[in-house]
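Undergrad: For reference, the chains in residue letters:
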Amino acid sequence: MAGKRSQVKDIDRSIYDFRYKEDGFYKVDEGLTEDIVKQISKEKHDPEWMTEFRLRSLEIYNELKVPDWGPDISGLNMNDIVTYVRPNTNMKAKWEDVPDDIKNTFDRLGIPEAERTSLAGVGAQYDSELVYHNVKDEVLKQGVVYTDMESALRDHEDLVRTHFMKLVPPSDHKFAALHGAVWSGGSFVYVPAGVKVEIPLQSYFRLNAPGAGQFEHTLIIVEEGADLHFIEGCSAPKYNVANLHAGCVELYVGKNARLRYSTIENWSKNMYNLNTKRAICEEGASMEWVSGSFGSHVSYLYPTTILKGDNSHMQFNGITFAGKGQNLDTGAKVIQIGKNTSTVIDTKSISKDGGVSTYRSSVTVNKEAKNAKASVSCASLMLDDISRSDTVPAMDIKTDDCDIGHEAKIGRISDEAIFYLMSRGISESEAKAMIVSGFADPVAKELPLEYAVEMNNLINLEMEGAIG
Amino acid sequence: MSLLDVRNLSVSVEDLEILHGIDLKINKGETHVLMGPNGAGKSTLGYALMGNPGYSITGGQIYFNGLEISNDSADKRAKAGMFLSFQNPLEVPGISLSSFIRNAIVQKTGESIKYSEFKKELKKNMELLSFDDSYKDRDLNVGFSGGEKKKAEILQMLMLKPSLAILDETDSGLDVDAVRTVSKGVEEYQKNQDGALLIITHSTRILESLHVDYTHVLVKGKLITTGDSSLVDEINEHGFERFM
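Residue numbers (this note's numbering), protein chains in the order written: chain A, 621 to 1088; chain B, 22 to 265.
Derived from the structure by calculation, the hints contain no laboratory data. On a predicted model such as this, the values are computed, not experimentally measured, just so you know. Be careful, since some hints might not be right.
As the list claims (entries may be wrong) - Examples of chain B residues lying across from chain A (beta carbon under 8 Å, computed):
(1) M71
(2) N73
(3) P74
(4) A95
(5) D96
(6) A99
(7) F107
(8) P110
(9) I116
(10) A125
(11) K129
(12) Q177
(13) L181
Every residue gets a Cβ at the ideal spot worked out from N, C-alpha and C, and that includes glycine.
Using the sequences plus the hints, can you model the full thing?
TA: So, in structure tokens, the structure goes:
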């Protein structure tokens, strides 16, 4: 008996791993040049200021260096990446108007069904453009705007111009600059003061074309006293060539407003996920992140919150699951500026089959942030001897008048706990799945029910499969 | 045919042999007590019988209901009707005591169980063990006191209805009241479920209210004597010295 161990198979991605040919799609050439950026801008009918913004971003991109502190991304060659792929349709407001192959894709991902049962609005992006966008009438009547970024740029140009890449400027890092140059698609949400959107809005991003990049921009403005839950999902079929995701999310949370932003990210394992998300909170505002990272080959993902206003609050619940061939570097950042601001970061990471999971966070408490509170807790679970887990928590506290706590736990899945469960008649794979699900439970509890189910299914799929 | 038939069993932990040629037969419904000084190998026997992968069988066989189970995994042994109450039950966050038990019943029997029936039976057994109702919704053993953990073990035994339950130091670290409560649960299992028991202990408190058929004394990895319940009293008075 001793020494005999179960082999845990890789995730079954068959529900995500299917593709259709991109017949009749418009594409730019591979690589990144001024001509390509101009071409994208022309195709998208940008206003002049946006064309200039793109070209300036490209210049910054060319000046900045690739980050040297995280997972290796030398397998990503920008000369091979197609930065813009437009599907053979414009945006529809009815699923039956969406071309069959694209509609089938979203059907298989369960998006139209979720829309019928539990969402107030849905946006669906296929490669570089939104192919579907629809919002329930009652939400529209509340004055909520939920549309693709291109329409927003046309119909709400002033709002976009005053907010677009102001939280994440192109100079932030190389891939933010890349995003500024070639961004396309994404969602724009505007919730007027005092409006509470009772059920969530969801955008789903599907990257279908091999060797392509997706650079969607999500801009959400929640005005004073308003309330919104926004869900983002993403997936792609697996290819042998590198795909790139360098999206950007900017969230403006007004005075006493609340925004909850949930993500289930399930990119295929040839994806470089170099995503940037940032929120700014005014006085009394509350920002809640729920983040599940399951996919991609390499991820750099650290949603950042700026607690600018007094009494503002942020909560981050995240889970990362790194399997074979995955190096996922995830975490959260916060900058506390206002008085009485508070932060709760609670993350779980799981690694198996040689996967590498790194928790990286930073908490900055400024001098003027009197009576600030921050509590950071990160736990890692390694399912075998070949996997790796690291934690890199940074803290920069500039005032004495604050209350900061940090707790980190790293451990291997306990053979004794597995034996304990097995002694009750539970199989080894089920026992492991139970322990992992239990470990992930605090995050699952934060997710809307159907996503919690999806997450559990993912974990069970990971664990089932084969006992060798 | 014996329920449990252990033949000349030797067990090693990390290449160190702890048990040397154990023979033990337990019939249906019988209660056996295994006593011995600290470090004699009592818990090792419990783990080896239940199939802990850290304990390797280096000689002999284990038969259960006439079938050899020496190489079976712990879940197979549990499905065949064995149960081990742990000396130090493990904490499993994220799964409640009641959903764990229900899940285990379904996995063990391969059949689903009506929720209403399950709830009724759970309530009955928790009352028997004076186990506060709120514990059923708490994460399995997480933050339980020593006594509550042992109650949770006995509760699992009563709910899973094994034909042989091995109780490893179930009474250790418990106060008088807790021992009495746990004994009540064991008595219920003896009488109403006709369950066989192997009670591993080095004290005798748990045995006061229980009927005992056989007592075995284990010293330095060997079973050196077997007697009836009077042997318990003798050890109680004189200790293990005469066996060492």
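Undergrad: Give me the numbers of the hints this structure contradicts, sorted from smallest to largest.
TA: none
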